[in-house]
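Asker: Spelled out from the first residue to the last, the chains are:
Protein chains: 2
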Amino acid sequence: MGNKLIEPRKIQGFWELTPKEEALFENMLSSLRAVFENNCFLPLDTPVAEFSEVLLAKSGGDVDKEIYRFTKGHADICLRYDLTVPLARFVAGNYNLLDFPFKRYQIGKVYRGERPQKGRFREFYQCDADIIGEELPLTYDAECIYLYKPCFKALNLDVEVEISNRKLLSGLFAGLNYSGDTADLFTIVDKFDKLSREDFIKELLGKGISETDLDTVMRFVSTKGGIEEVKNWTNLVPNAEFYHGIRELEALDSRLRALGMENYHYNLSIVRGHNYYTGTVFECYIKGKRNLGAVGGGGRYDNLCKNFMDKNLQGVGMSIGITRLFDILKSENLLSAEENVGVKLGIVTFEETLKEGLTLMAKLRESGIKADLINETKSFKAKMKEANKRNIPFLLVLGEDEVKSEKYTLKDMQTGSQVACTFEELVKSLS
Amino acid sequence: MGNKLIEPRKIQGFWELTPKEEALFENMLSSLRAVFENNCFLPLDTPVAEFSEVLLAKSGGDVDKEIYRFTKGHADICLRYDLTVPLARFVAGNYNLLDFPFKRYQIGKVYRGERPQKGRFREFYQCDADIIGEELPLTYDAECIYLYKPCFKALNLDVEVEISNRKLLSGLFAGLNYSGDTADLFTIVDKFDKLSREDFIKELLGKGISETDLDTVMRFVSTKGGIEEVKNWTNLVPNAEFYHGIRELEALDSRLRALGMENYHYNLSIVRGHNYYTGTVFECYIKGKRNLGAVGGGGRYDNLCKNFMDKNLQGVGMSIGITRLFDILKSENLLSAEENVGVKLGIVTFEETLKEGLTLMAKLRESGIKADLINETKSFKAKMKEANKRNIPFLLVLGEDEVKSEKYTLKDMQTGSQVACTFEELVKSLS
Chain A
1 MGNKLIEPRK IQGFWELTPK EEALFENMLS SLRAVFENNC FLPLDTPVAE
51 FSEVLLAKSG GDVDKEIYRF TKGHADICLR YDLTVPLARF VAGNYNLLDF
101 PFKRYQIGKV YRGERPQKGR FREFYQCDAD IIGEELPLTY DAECIYLYKP
151 CFKALNLDVE VEISNRKLLS GLFAGLNYSG DTADLFTIVD KFDKLSREDF
201 IKELLGKGIS ETDLDTVMRF VSTKGGIEEV KNWTNLVPNA EFYHGIRELE
251 ALDSRLRALG MENYHYNLSI VRGHNYYTGT VFECYIKGKR NLGAVGGGGR
301 YDNLCKNFMD KNLQGVGMSI GITRLFDILK SENLLSAEEN VGVKLGIVTF
351 EETLKEGLTL MAKLRESGIK ADLINETKSF KAKMKEANKR NIPFLLVLGE
401 DEVKSEKYTL KDMQTGSQVA CTFEELVKSL S
Chain B
1 MGNKLIEPRK IQGFWELTPK EEALFENMLS SLRAVFENNC FLPLDTPVAE
51 FSEVLLAKSG GDVDKEIYRF TKGHADICLR YDLTVPLARF VAGNYNLLDF
101 PFKRYQIGKV YRGERPQKGR FREFYQCDAD IIGEELPLTY DAECIYLYKP
151 CFKALNLDVE VEISNRKLLS GLFAGLNYSG DTADLFTIVD KFDKLSREDF
201 IKELLGKGIS ETDLDTVMRF VSTKGGIEEV KNWTNLVPNA EFYHGIRELE
251 ALDSRLRALG MENYHYNLSI VRGHNYYTGT VFECYIKGKR NLGAVGGGGR
301 YDNLCKNFMD KNLQGVGMSI GITRLFDILK SENLLSAEEN VGVKLGIVTF
351 EETLKEGLTL MAKLRESGIK ADLINETKSF KAKMKEANKR NIPFLLVLGE
401 DEVKSEKYTL KDMQTGSQVA CTFEELVKSL S
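Same order as they appear, the protein sequences are chains A and B. Numbering of the first sequence is given in this note's numbering, commencing with residue 1 and proceeding in unit increments. Numbering of the second sequence is given in this note's numbering, commencing with residue 1 and proceeding in unit increments.
I should point out that these hints are in silico values taken from the structure, not numbers from a laboratory. Predicted, not measured: the structure shown is a model, and the values here were computed from it. There could be a bad hint or two in this list.
Any copy, or any two copies together, can satisfy a pair, since identical chains are not distinguished.
[What the hints assert, rightly or not] No more than 30 Å apart at the CA atoms, straight line, and that leaves these computed lysine-lysine pairs for DSSO-like:
no., residue 1, residue 2
1, LYS381, LYS231
2, LYS153, LYS428
3, LYS355, LYS58
4, LYS10, LYS72
5, LYS10, LYS378
6, LYS58, LYS20
7, LYS407, LYS118
8, LYS153, LYS363
9, LYS407, LYS306
10, LYS153, LYS20
11, LYS404, LYS10
12, LYS207, LYS407
13, LYS370, LYS153
14, LYS344, LYS153
15, LYS58, LYS72
16, LYS58, LYS231
17, LYS10, LYS363
18, LYS370, LYS194
19, LYS306, LYS330
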C-alpha cells in the first residue's frame with residue numbers, strides 16, 4: 001500500500017483493560033456509585049485539566065516533577081494529580097450555589113508522571129467521597145468510615161478499617177524530650193508497617209528520640225484493639241492535645257457503633273502520608289488480606305479552600321484505591337468470572353432464516369437476554385467455530401423448521417446438552 | 001492570614017455540571033451503558049492521552065490546530081480528540097486477543113482546543129458504539145441504527161433516524177458532466193440543511209455544477225421518505241456505484257424491519273462530515289425536535305487500522321452526542337426533575353437522640369432510602385432552616401418519645417402534612 005505503518009503503542013503506565021475486564025471494572029464503579037448516592041453523596045465531575053496556578057497552589061516541589069504540565073495558547077495547564085484540589089477549586093468557585101454540609105463523591109482519572117512500576121500507574125482512577133462544611137462534628141468522620149461497609153458489601157468483599165487520630169501522635173511527641181521537627185517523626189511512623197522493628201527503631205533514634213522515650217513510642221505505635229485499648233492511654237500522656245485526641249476517638253466510636261459499623265479497630269500507628277490531615281485518620285484493607293496493603297483511606301482535614309477563599313471550611317473524606325483494588329482482585333483471582341460478561345446466546349442463521357433470526361435477537365434483547373447473531377457471511381462450520389472460540393455459553397441454530405414451529409433448540413456449549421423450548425422458556429432459562 | 005488568594009478559575013469550555021445536574025447526567029450514562037451491554041457491546045476505556053505519532057497518524061492540518069499537544073520527558077503526547085483513533089490503536093495493538101466481530105462501546109472525554117462558544121466545548125463526552133470485523137454484512141449497519149431505539153427509550157426520549165448511503169451521491173456525481181473534485185460537492189451537500197435553498201444552489205453552481213445537472217442534484221438531495229422513495233431513483237442514474245448503494249439501502253431496510261426498528265426514514269442529503277464514511281450514513285434527532293439539530297450519527301467505514309497494521313478491517317459505528325444532548329435537554333427543560341436526586345428524608349435529632357438518629361439513618365439507607373442527618377451542631381431552628389434551604393422533601397424530628405415508641409412522624413415539606421408511622425411504613429412511603 002506504500003503506507004508506512006506506525007506502531008500502535010500506548011503510553012506506558014496508562015491504565016487500560018481488556019474489554020471483558022473493563023466490563024467487570026464498570027460493574028464495580030456502578031456498584032460504588034449506587035452506594036454513594038444511596039448515602040446522600042452527589043456526584044461531581046471536574047475537568048481532567050486545570051490551570052497550573054490553581055492545581056499547584058499549595059503543592060511542594062515534589063508534585064511538580066511528577067506533573068503533566070503544558071501550555072496551550074497563553075494558558076498554563078496541568079493534568080490533575082488528585083481529586084482534592086479540584087474539589088477545593090469547585091467549592092470555592094461555587095460557594096454560593098452549594099448546600100453545606102456538601103457531600104460529594106467523584107470517580108475520575110488522575111495523572112502522575114512517575115516511572116511506571118508494578119502496582120503504580122501514571123493514569124489511574126481515584127474514587128473519593130468527602131463532606132465539606134463550616135462546622136463538622138465527628139458524626140461526619142463516622143459517616144465516612146461507615147461508608148466502607150456498604151461500599152465493600154456492594155463489591156462482595158469484606159473490609160477491615162484501622163483508625164487513629166493525628167492529635168494523639170502530635171500530643172505524644174509534644175510531651176517528649178524532643179527538640180527536632182515532629183513532621184519527621186510522622187514520616188517515620190507512617191513506615192511502621194513497612195520497616196522491620198530494628199530499622200524502625202534505628203530511624204527513630206537517628207532523628208533524636210531518646211532511649212527513655214523510645215519505649216513509650218514503641219508501645220504507643222504498637223497499640224491495636226478496641227476503644228478500651230485507646231482509653232488505656234488516657235492518663236499516660238499528660239498533654240491537652242493528646243487528651244483531645246482520645247476524646248475524639250471516644251466520640252467517633254460511639255457514633256460508629258450507632259451506625260452499626262463492624263469490622264474496624266484502632267491502630268495507633270496509622271498517620272496517613274498527607275500532612276493535611278488534622279484529626280481522625282483511617283485506612284482500610286480487604287479483610288484477611290492485610291498483607292496486600294491498604295486499598296483505601298482518609299481522614300479529617302481543615303481549611304480545604306484556604307488558597308482560594310477567606311473562609312475556613314473543614315472536611316472529612318474517604319477514598320478507595322479502585323485501580324489498585326481491581327489490580328489486586330485480578331492478580332488474586334478474586335474477580336467475578338469474566339464469563340458473566342458478554343454474549344449469553346449465539347444465534348446461528350441460514351440465508352432463508354436471517355430475518356427471523358434478527359427478529360428473534362431483538363426480541364430476546366428486549367427481554368434482557370444478551371443474544372447476538374453469529375456473523376451470517378460465514379459457512380455453518382465457521383459459525384460453529386466462531387461460537388466456540390468466543391466462549392459463548394449457549395447456542396441456538398435457527399432452521400426453517402424452528403421458524404415454522406416456534407420451538408427452539410437451546411444448546412449448552414459447556415455440557416453439550418440440548419433442550420427444546422418456546423420463546424418464553426428460552427427467556428426463562430437464559431435469565 | 002497573609003495568604004495571597006488565587007482565583008478558583010476553571011478553564012473555559014471545559015464541561016462541568018452542578019452536582020444535581022451531574023446526578024442526572026450519570027443516570028443518563030448508566031442507562032446507556034446498560035443498553036450497550038444488553039446489546040452485546042463490551043466497554044472500552046482507553047487513556048485520555050496518547051503518543052502524538054499515534055493520534056495524528058492520519059489527521060490533516062485542521063486537527064493539529066485544535067489539539068492539546070505537549071511533551072513530557074522525551075514523549076510527544078496529545079489529548080485525544082475523538083474515540084475512533086484510540087479504537088484503531090487498541091484493535092491493532094490487541095488484534096490477537098480480540099474476538100471479531102469486535103463490538104465495543106466507549107463513553108469518554110475528548111479534547112478540542114477551539115474557541116469555546118454556545119454548544120461547543122473544549123472538553124466534552126463522546127459516546128460511541130462500533131462493530132469491527134474482517135467482513136461485515138449490512139446486518140451490522142442495521143444493528144448500529146437499531147441501537148438508537150433502546151438507547152433513546154432508556155433516556156425516555158423518542159428518536160428519529162435519517163439514513164442514506166454515500167455510494168448514492170458518489171454514483172450520482174460520477175454520472176454528471178462534472179470535472180471538479182467531488183469531495184467539494186460532498187462538503188456542500190453536508191450543508192444542505194443549514195443553507196437557504198438559494199445559497200445552496202449558488203454554492204453548487206460556484207463549484208461548476210451545470211444548470212442541466214442542478215435539477216437532478218436538487219431533486220436527489222430533497223428526497224425523503226421510505227425505501228420506495230429511494231428505489232424510485234434506481235433507473236434514473238445509470239451508474240454501477242449508485243445502483244450498488246440502492247441495493248445496500250434495500251438490504252439494510254429489510255434488516256431494520258426484521259429488527260422491529262421504527263422511527264426512521266431516508267434522507268438522501270445525509271452525508272456526514274467525516275470523509276472516512278464509505279457506505280451507510282445516518283443521523284438522529286429527538287423526534288419532533290429536528291430544529292435542535294442532530295444529536296447523534298454514524299456510518300460505515302473501511303480500513304480502520306490502516307495506519308497501524310497491514311490488515312483491512314471494516315467498521316460501522318453509531319454515536320450519541322451526550323454532552324450536546326444533555327445541554328439541549330437542560331435548555332429545553334426536558335430533564336427529569338432534579339428533585340429526584342439527593343436527600344429524600346432529613347432527620348432532625350436532639351443531643352439525647354443523636355445515636356438513635358444515626359441508627360435510624362443507617363437502617364433507612366440499608367433499605368434504600370436516602371436519609372441524611374441534619375447537622376447536629378445547629379440549633380433546632382437552624383436545623384429546620386437548613387432542611388428548607390436544601391429542599392429536602394421529607395423531614396422526621398426524632399425526640400425521645402419517638403425513640404421510645406418507635407413511632408415516627410413523617411412531615412411532607414411541600415404540603416406541610418404529617419403522618420405517624422412505624423419504621424416499615426416509613427420505608428414503604430418513602431420508597
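Asker: Run the structure past the numbered hints and jot down the numbers of the failing ones, going up.
Answerer: 1, 3, 5, 7, 9, 11, 12, 16, 17, 18, 19
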